[in-house]
Amino acid sequence: MKFVLLTAILTLASSAYALDGQIGIHDPSTVIQCDGKFYVFGTGGGGLISDDGWTWRGGAVRPGGGVAPDVIHIGDRYIVAYAGTGVHTMWTKTLDTNSPDFGFKDDTVVATSDLDCNAIDPAFLLDPGDGKLWMSYGSYIGFIRLVQLDPKTGKRVDPNGTPYNIAVNCEASAMMFHDGWYYLLATHGSCCRGSDSGYNIRVGRATAVTGPFLDNMGVDMIEGGGKLFVGSNGRDIGPGHFGLLDLGDGVQKFSCHYEADLDRGGASVLDLRPVLWKDGWPEAGENMKGGTYEIQSVRTGTSLELAVEGVPVGGRRPLRGGGGGFGGRRGGPGAGVAAGETNAAGGQIAVGEPGGTNAAGGRGVRRGGGGGMFAGQGGVIPPQDVAQVSTNWPAGNVDLRLANYLCQAQQKWAITAVTNSGGYPGSPYFKITIAGTDRALAVSEDAELVALPAFSGGPEQLWRIEQLTDGTWRIMPKSVPNSKDALALSAIGSSFATLGKFDPTSDMQRWLIRAP
Amino acid sequence: MNTLRAILLQASSVLAATVLFGIAAPPGASAQSYGSTLTQPASPTKAPGPDGFLQRWIILDPIHVNGVTQNAVQAAVKTNYFPGQFTVIPRDGDKVTVGDVELIWHAVDTKNYNVNLYHLVHALNKPFTNVLFWAVTIVNCPEEMRDVRLAIGSNDASVWWVNGQEVIGIYGDRQTVIDDGVSKKLTLNKGPNVIRCAVHNQGGATDFCARFLDAQNKPVKNLSLSLGDIGK
Chain A
1 MKFVLLTAIL
11 TLASSAYALD
21 GQIGIHDPST
31 VIQCDGKFYV
41 FGTGGGGLIS
51 DDGWTWRGGA
61 VRPGGGVAPD
71 VIHIGDRYIV
81 AYAGTGVHTM
91 WTKTLDTNSP
101 DFGFKDDTVV
111 ATSDLDCNAI
121 DPAFLLDPGD
131 GKLWMSYGSY
141 IGFIRLVQLD
151 PKTGKRVDPN
161 GTPYNIAVNC
171 EASAMMFHDG
181 WYYLLATHGS
191 CCRGSDSGYN
201 IRVGRATAVT
211 GPFLDNMGVD
221 MIEGGGKLFV
231 GSNGRDIGPG
241 HFGLLDLGDG
251 VQKFSCHYEA
261 DLDRGGASVL
271 DLRPVLWKDG
281 WPEAGENMKG
291 GTYEIQSVRT
301 GTSLELAVEG
311 VPVGGRRPLR
321 GGGGGFGGRR
331 GGPGAGVAAG
341 ETNAAGGQIA
351 VGEPGGTNAA
361 GGRGVRRGGG
371 GGMFAGQGGV
381 IPPQDVAQVS
391 TNWPAGNVDL
401 RLANYLCQAQ
411 QKWAITAVTN
421 SGGYPGSPYF
431 KITIAGTDRA
441 LAVSEDAELV
451 ALPAFSGGPE
461 QLWRIEQLTD
471 GTWRIMPKSV
481 PNSKDALALS
491 AIGSSFATLG
501 KFDPTSDMQR
511 WLIRAP
Chain B
1 MNTLRAILLQ
11 ASSVLAATVL
21 FGIAAPPGAS
31 AQSYGSTLTQ
41 PASPTKAPGP
51 DGFLQRWIIL
61 DPIHVNGVTQ
71 NAVQAAVKTN
81 YFPGQFTVIP
91 RDGDKVTVGD
101 VELIWHAVDT
111 KNYNVNLYHL
121 VHALNKPFTN
131 VLFWAVTIVN
141 CPEEMRDVRL
151 AIGSNDASVW
161 WVNGQEVIGI
171 YGDRQTVIDD
181 GVSKKLTLNK
191 GPNVIRCAVH
201 NQGGATDFCA
211 RFLDAQNKPV
221 KNLSLSLGDI
231 GK
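The listed protein sequences correspond, in order, to chains A and B.
In terms of this note's numbering, the first sequence opens at residue 1 and continues consecutively.
In terms of this note's numbering, the second sequence opens at residue 1 and continues consecutively.
One chain only, chain B, in its complex shape:
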């Protein structure tokens, strides 16, 4: 019993140190992968996962931001950090400067339903406490789709845009739950649609997931995902 307690205490000490300082452990992964779940895309397009989850994204290095409440997060995402913040379709390796810090966009495919941002920052040796992640993906539709809904989960708060329109905001210290935030009914255009999100992490684990639901609340799967540099 004492041994178990000691192990738990030791483990919690490591965790506490990680939480307190908000810095991931030194990177051990190659440039082609980020932890055990994220890899650089190896194909021009990618279909959604079996349950419709969008598994290809391009993600910017985290930006330091405080506050996880509705007003704080809304203020954060309305702050102009870099040119084209709400319009840019970045390519893998593109760089932006926020303040005096150069940040890089990273294209990733996830093996899971969710995008594990902790894995990403761990591999990049970036902070994960009180940070804001910007992420973009392009959803290509074979035809116009009416009355679909974007359904997301995030750890922690997040704000989402579809083709430039803000459609979801969830706030506070929360865990990623599938279909936590669901948009009102919207229309996806035939062809490319830009999905953009900003995920705020107050501390600890951080990830997000997203998919579209049809009018019967079933996952939309007849989509393909691509990123800005694909096909060029």
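In isolation and in its complexed conformation, chain A is listed as follows:
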């Protein structure tokens, strides 16, 4: 009964938080794909499977028990490492237990403990430059070490060779290669204390796979260095055990566990989050969170909006004429305001008390920034009431376009996770609606964008929103009518948006999603 209750709580909670389904795990391996499914293994044997990277279930099989495994796919084999008595490796041709090719072979010890190294927490790196396979390992006491393995068998290339020492007094190491640099990520702090766990993932980099791995301040990780990659944030406490999931096209994610997810009773759970790159250093990105946003094209600097007549926030400012006045940029007759216009306060613009606040809570404005037409209307201008301005919008489908952002109702988008509609690595699908309405961004039959009068849950109304490595976002419909192409929201021209094949070298499909 307790189990059933806990399951229900987890399911409810997961609709709003990281990952869905059965995600309890500790010391997760790298998340890996096999025959279209995602697999991850953890301490204690077994592991999790997901069809989409969002909703997880048990069922992955890994013999050997032990702790903190890792997995890598090389050629036609999946090589798995785990720590029992020393670090073991073994391989299988598939992770699908229903396949006749499933079955782990050649379980071999490839590293052992000594006074200066606790041989657990293995992690693989396949060097993309020379094809060499490396394994780092070590935990908490002594060194993180590095040995070379045979990429075909997973066995040591030189069983009697001396491992490289590359970091100290940390654990759960992992390595990756990016833009000419080798990166060593290792977990600092303590695990296994629930919400009191100080786990955090730190990183150093080197030009050689064997180090030295220096952090952003030049401190060698073998002397305790490490730039923070991700630490506790919000209600997710103690991230550890980095694993890279490269989805291609400039989309990289990392797996980790949180020692304690406070929204799941402090359980240790799996998460998948974006990897960002800034100035040559990886940082943890964020999965999309529900909220109201401006969606701005990186290409054009203009923002997605309904193609309806906009109403200036606070109402249209009446144009005042006057001989000798000065116009707007090209206002022509009648657009100007009388030159030398001053207010009765003799220089103090009549909005609130000088330097203080007015009745509406707005700050007073002192002359110097401009008077007359520049004085505003006083007080705080409230947000535009979408219910009011939308009365003039067409009732049916409305086209989309891009325009300068002016904080108007047709430019504010509510992004909301949709339950029970699947997802992708790290996130559920979202609906994108004009805030305060049910008008939903969707894909039309001819693969163009359209705003429907109401969201009805169709796959052409569900959106995959992922942070790219530069921190911008890619927005893709779950499906496109009459097409199998994977398309992304694309700025075509300065003022129009459509769908196009994602080009990681272009800004056309990159978007800023930010608070309005």
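For the record, the hints were derived by calculation from the structure and aren't laboratory data.
Where hints are given, some of them may not hold.
Said to hold, decoys possible - Calculated lysine-lysine pairs in the BS3-like style (CA-CA distance at most 27 Å, straight line):
#1 A:501 with B:184
#2 A:152 with A:37
#3 B:218 with A:501
#4 B:184 with A:484
#5 A:501 with B:221
#6 A:478 with B:184
#7 A:93 with A:37
Position chain B relative to chain A; hints supplied.
The following block gives chain B in isolation, referenced to the frame of chain A:
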């Protein structure tokens, strides 16, 4: 410094007067050219420019219209100013009457990517503030072209039709930016296709540009442009 300021003030005064009254300076150009960028066509057809821009148009004298917002411009272009407004293929020198004013169609080739309407009205001594320009061109395709897009820019707002179908509307006080407004995917027929636009200018400079983009967003160049009187 004072000298520079004086020059700037003098220049801005001239500009302000021009803006305020919305009348171009007296014409100095011949009937065969309109400013430094527009000339009467001298050949039956014309290929698009190097970047695919449509450089041959026939343009009606401006019509006085107020309002540059979406609703105002849409109302303006839906107003019936002259017979055949959405169907006529005018010839150079054709005349229409709008209200009690006789307006003339002018065929032009532009040397640039854009059609400088300010040059046109300057040469014609016509107003350019709060006006609507109607323009037409014929795009001849060697074969049917699917999934192309009309891509335009205009100063200020504009509405565009391809073979009678409204495909683009951009609104507000704006400058001409290449590929500012882009249509949804459309099909150009083999043979002639009529491209029509209405450009509203609130004041100051006014121009437009247009080209077609293919499915890879590359300019379509295997076209030819002609006007209604060509070949007759």
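Outcome of the hint check:
no.	hint	verdict
1	A:501 with B:184	holds, 16 Å
2	A:152 with A:37	holds, 23 Å
3	B:218 with A:501	holds, 15 Å
4	B:184 with A:484	holds, 20 Å
5	A:501 with B:221	holds, 23 Å
6	A:478 with B:184	holds, 21 Å
7	A:93 with A:37	holds, 15 Å
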